[in-house]
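Visitor: Next come the chains, spelled out residue by residue.
Protein chains: 2
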Amino acid sequence: MEATQTALEPVSFETHPDHYKHLRLEVDGPVAKILLDIQEDGGLRPGYVLKLNSYDLGVDIELADAVQRLRFEHPQVGAVLVTSGQEGVFSSGANIFMLGCSSHAWKVNFCKYTNETRASIEDATEHSGQTYIAGLNGVASGGGYELPLACAEMYLVDDRRSAVSLPEIPYLGVLPGTGGLTRLVDKRKVRRDLADVFVTLAEGVKGKRAVKWGLVDGVFPTSRFEEAVQARVEEVAGKGHPERQGIFLDALQPEENDKEVRYRHVHLDLDTALRTATLTITLPDSLPDIPAQARDLGADWFPLRAFRELDDAIMRLRFNHPQIGLVLLKTRGNQDIILQLDAQMDARREDWFVHEVLLLMKRTFKRLDYTAKSFFAIVDQGSAFAGSFYELVLAADRAFMLDEDGVQIQLSVMNAGTFPMGNGLSRLATRFLGDPEHAQKMAALRSPVGAMEAEELGLITIAADDIDWDDEVRLAMEERVNFSPDSLTGMEASIRFAGPETMETKIFGRLTAWQNWIFQRPNAVGPKGALSLYGRPESPEFDWNRT
Amino acid sequence: MEATQTALEPVSFETHPDHYKHLRLEVDGPVAKILLDIQEDGGLRPGYVLKLNSYDLGVDIELADAVQRLRFEHPQVGAVLVTSGQEGVFSSGANIFMLGCSSHAWKVNFCKYTNETRASIEDATEHSGQTYIAGLNGVASGGGYELPLACAEMYLVDDRRSAVSLPEIPYLGVLPGTGGLTRLVDKRKVRRDLADVFVTLAEGVKGKRAVKWGLVDGVFPTSRFEEAVQARVEEVAGKGHPERQGIFLDALQPEENDKEVRYRHVHLDLDTALRTATLTITLPDSLPDIPAQARDLGADWFPLRAFRELDDAIMRLRFNHPQIGLVLLKTRGNQDIILQLDAQMDARREDWFVHEVLLLMKRTFKRLDYTAKSFFAIVDQGSAFAGSFYELVLAADRAFMLDEDGVQIQLSVMNAGTFPMGNGLSRLATRFLGDPEHAQKMAALRSPVGAMEAEELGLITIAADDIDWDDEVRLAMEERVNFSPDSLTGMEASIRFAGPETMETKIFGRLTAWQNWIFQRPNAVGPKGALSLYGRPESPEFDWNRT
Chain C
8 MEATQTALEP
18 VSFETHPDHY
28 KHLRLEVDGP
38 VAKILLDIQE
48 DGGLRPGYVL
58 KLNSYDLGVD
68 IELADAVQRL
78 RFEHPQVGAV
88 LVTSGQEGVF
98 SSGANIFMLG
108 CSSHAWKVNF
118 CKYTNETRAS
128 IEDATEHSGQ
138 TYIAGLNGVA
148 SGGGYELPLA
158 CAEMYLVDDR
168 RSAVSLPEIP
178 YLGVLPGTGG
188 LTRLVDKRKV
198 RRDLADVFVT
208 LAEGVKGKRA
218 VKWGLVDGVF
228 PTSRFEEAVQ
238 ARVEEVAGKG
248 HPERQGIFLD
258 ALQPEENDKE
268 VRYRHVHLDL
278 DTALRTATLT
288 ITLPDSLPDI
298 PAQARDLGAD
308 WFPLRAFREL
318 DDAIMRLRFN
328 HPQIGLVLLK
338 TRGNQDIILQ
348 LDAQMDARRE
358 DWFVHEVLLL
368 MKRTFKRLDY
378 TAKSFFAIVD
388 QGSAFAGSFY
398 ELVLAADRAF
408 MLDEDGVQIQ
418 LSVMNAGTFP
428 MGNGLSRLAT
438 RFLGDPEHAQ
448 KMAALRSPVG
458 AMEAEELGLI
468 TIAADDIDWD
478 DEVRLAMEER
488 VNFSPDSLTG
498 MEASIRFAGP
508 ETMETKIFGR
518 LTAWQNWIFQ
528 RPNAVGPKGA
538 LSLYGRPESP
548 EFDWNRT
Chain X
8 MEATQTALEP
18 VSFETHPDHY
28 KHLRLEVDGP
38 VAKILLDIQE
48 DGGLRPGYVL
58 KLNSYDLGVD
68 IELADAVQRL
78 RFEHPQVGAV
88 LVTSGQEGVF
98 SSGANIFMLG
108 CSSHAWKVNF
118 CKYTNETRAS
128 IEDATEHSGQ
138 TYIAGLNGVA
148 SGGGYELPLA
158 CAEMYLVDDR
168 RSAVSLPEIP
178 YLGVLPGTGG
188 LTRLVDKRKV
198 RRDLADVFVT
208 LAEGVKGKRA
218 VKWGLVDGVF
228 PTSRFEEAVQ
238 ARVEEVAGKG
248 HPERQGIFLD
258 ALQPEENDKE
268 VRYRHVHLDL
278 DTALRTATLT
288 ITLPDSLPDI
298 PAQARDLGAD
308 WFPLRAFREL
318 DDAIMRLRFN
328 HPQIGLVLLK
338 TRGNQDIILQ
348 LDAQMDARRE
358 DWFVHEVLLL
368 MKRTFKRLDY
378 TAKSFFAIVD
388 QGSAFAGSFY
398 ELVLAADRAF
408 MLDEDGVQIQ
418 LSVMNAGTFP
428 MGNGLSRLAT
438 RFLGDPEHAQ
448 KMAALRSPVG
458 AMEAEELGLI
468 TIAADDIDWD
478 DEVRLAMEER
488 VNFSPDSLTG
498 MEASIRFAGP
508 ETMETKIFGR
518 LTAWQNWIFQ
528 RPNAVGPKGA
538 LSLYGRPESP
548 EFDWNRT
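Residue numbers (my numbering), protein chains in the order written: chain C, 8 to 554; chain X, 8 to 554.
Just so you know, these hints were derived from the structure itself, not from any lab. Be a bit skeptical, because a hint or two may be false.
One copy or any two copies: either way a pair holds, since identical chains are not told apart in the list.
What the hints assert, rightly or not - The list that follows gives simulated cross-link-like pairs (lysine-lysine, DSBU-like), each with its CA atoms no further than 30 Å apart:
(1) K369 x K58
(2) K40 x K28
(3) K369 x K215
(4) K448 x K194
(5) K448 x K369
(6) K194 x K369
(7) K196 x K448
(8) K196 x K369
(9) K28 x K535
(10) K215 x K448
(11) K219 x K448
(12) K58 x K40
(13) K194 x K219
(14) K448 x K58
(15) K196 x K535
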């Protein structure tokens, strides 16, 4: 089982509402609706049937697409209703048979991706003025309740049978691990003893008790449900954002083969023998001024296109190239272009379109932070790690910089908090957590910095002159790719986010780690484990040692 | 391998400096010294040799004992030097061969215990006026560097060979997982890219570079090392606390057999068939007033004795009874006794001895929080869950309360912050995170509360009258012990600590979870894993998938 999935054809993360199999996206002025109507035989991989609105990666790719398009193509929308197009069931969560036949790496990457999609729903609610509301017009169990937990509000039909539940522990011996446990006690602030009862009740909680325990925000009888929820969504939406006019996000359509993935601005080179990849972003020679309506720049605007490409490339690296352990981050171009772009964007932050592009850049940098691969930034001749693009250096596990004339980095206003990490701090503040004064000084630094000074200031990791450069980088690469990949993943997850923790870092750091642990344990995935035997007549057999 | 260790005789957590095999505790006025001089053939279990000052659980039991005795028996001490009694090596960390031949459960419990000991060192530094300083008079690697990370300061000998290192990743394919990674970036605030380099450098970092990177607080040449470190310890100690006069902590010496562990106030009943235990604390009929010098109460003072017993019982539950999945928490006695005790202690908090006892109680409650077993508090006829003892209800995963005359709970000033959890909040504030106003109201509530009201106020989980009581509790118990133990561990670790995270919750929640994951992975513990093959001629073979 472990090997089959990566032998299948590569996953593509591109779709469009016209091609959705499982979702319907309806937009009506300030209100949008995402209807879950998952096609049973529409699984991304063979071997399972998506019954009862259960989902797999293919469904979540559509959901992520819908959330993204709502931001860019329908920015006038003020509230989004997420509800089901199937009778009696909102969603029964991640498909168990899909999980049962997936490799450990696939399970982990799938959960991470769904988590990121949910975080993007919360990001849209908080920062884009698009509030997500879940209308649970039927049973919502497991991931089918974790998705509404990512919405700002949720309402449940009170029909004596529809309940919310997190039955992973009683049924599967695993966790409500895609945000569920964390959002329960940290976002909804459900009392921990009630949460404890709730997550062990396979049948879940319904009606007024669900409201009392804080599991849902309200219940309505069947007769009034649709109307009441619609009214609430319209109330939240208000007039929406009529001043915003959307743009069309065209397909990226990269050329992909075994050796490379080539986009317009982003180029991913794969060295499968050395288990490394090189991600290069190339700047255009010039950039247009931002017009009165920034949206007139459209989907071709460099930062939008380049970061959509970068985001897509990261996804492909995760799912289609699991053996790649190390990614070199490179840039090519004139860094004045970036500094000019940063200044332009800074001056026009209030424009919804510029704002959305900055949010997309923020989310893409976070994808890097949450990717279980090592990143080395390579600051060499011809590179352009300035301003926004210097965030790549900050996001990297290490940065190597060539000590040579003309090789410089430069900070801009964009490094001072426009792209917070999951911990809520800028990457610069996180980097210099031990010396906030230095962090402030660096945030204000506007002059270009050469390698030796950059090393001295702590802005890069290692400076090397041209005599040492090749060896320095090559040896570090060879060393890196020969370490145990698991220990690197755990190490990076532990040191990338110093400082305060947020719900987001708790989900990606703590909850995910426990779930990954459990996903390895014989009690879940052994031949007699609960996940392996789900849906079969045998009962699981557990090793009772509490660990 | 997996089964052998639990078949050995039970672990005892009691020791005394007279019986130490591995440590020497020297006290000289305001300064104490803990010398690590680990006996190679003194391992707690057969099968490994404790070379190069490497440690196993037996060593850490002595260290925990020394830290505890310094607080109670030598309270005048103001600073503690931790250094090595062996030539050229401070400590090479946890013994790898011990880890290699240990069951997963043992590894996890061992790491948790060493983490708690280190947290107690930080607690003594912060709250007891006993500052720990590490004098690294030789190589400090792995856990041998994680221990000094728990000290307030550390100094390294500059002899051109002594380095600090965390070589777990390059050598073993596991993490510096007993606090190392977290303390590196969150306590010492080492820059993440330097931390990344450091933890992949098997040979470590020495001399001025170690100072520059923030890995140590200073270096001294061999000729001056002992003198310089001693001077610093004396400077920090100052006059110490000459007004404090210690007491002697006598041995608890419980009677232990397969069915029970019996202490003076604490009684642990084991039901191995049902995989449950009952932990009962019985109050004395009366308590003495606190005299002018509280220490005159000695080690027999009820709260000191009872919480030392409770602490010891939790340890035995973890290590000697791994199959116990559920612990019922019970109390017996007149709850006015506790309220009276709380009032007395509150009035005398400034007395060092009362203060120390309160700190011990705090640490013991945290042991419950960090224990991978489920806890149900049983508030029934004859119980005494008032004040300090109500913390047991708050620490439990659920609390059942009998709705009957005479069964009451009652809060005291001690529930309002005297015993913070690892997240820095009181258990009451954490419980009502979603309703801080209610939390404040409850913290001020002083009247006794019956079952129905307690349920309504959220102070317990489930109230039941005598008709339903037996069934309610029995069914919940039967259900609990039949769930997958791993999913319960992950669930409890995820919901017990809502709200803010601290270095402590990061260590026990996030870092530990990643380490546990890695401790299961074939890349570490499979037949060709790095941990399994350590010290053998073969090289490990890794599955290169990055997960």
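Visitor: All the hints need checking, so say for each whether the structure fits it.
Guide: Structure-based check of each hint:
no., hint, result
1, K369 x K58, "neither (35 Å within a copy, 49 Å between copies)"
2, K40 x K28, "within (16 Å within a copy, 70 Å between copies)"
3, K369 x K215, "neither (39 Å within a copy, 37 Å between copies)"
4, K448 x K194, "between (35 Å within a copy, 22 Å between copies)"
5, K448 x K369, "within (22 Å within a copy, 41 Å between copies)"
6, K194 x K369, "both (22 Å within a copy, 27 Å between copies)"
7, K196 x K448, "between (38 Å within a copy, 18 Å between copies)"
8, K196 x K369, "both (27 Å within a copy, 24 Å between copies)"
9, K28 x K535, "neither (34 Å within a copy, 44 Å between copies)"
10, K215 x K448, "between (54 Å within a copy, 25 Å between copies)"
11, K219 x K448, "between (50 Å within a copy, 19 Å between copies)"
12, K58 x K40, "within (22 Å within a copy, 66 Å between copies)"
13, K194 x K219, "within (16 Å within a copy, 40 Å between copies)"
14, K448 x K58, "neither (56 Å within a copy, 48 Å between copies)"
15, K196 x K535, "neither (35 Å within a copy, 45 Å between copies)"
When each numbered hint is compared with the structure, violations occur for hints 1, 3, 9, 14, 15.
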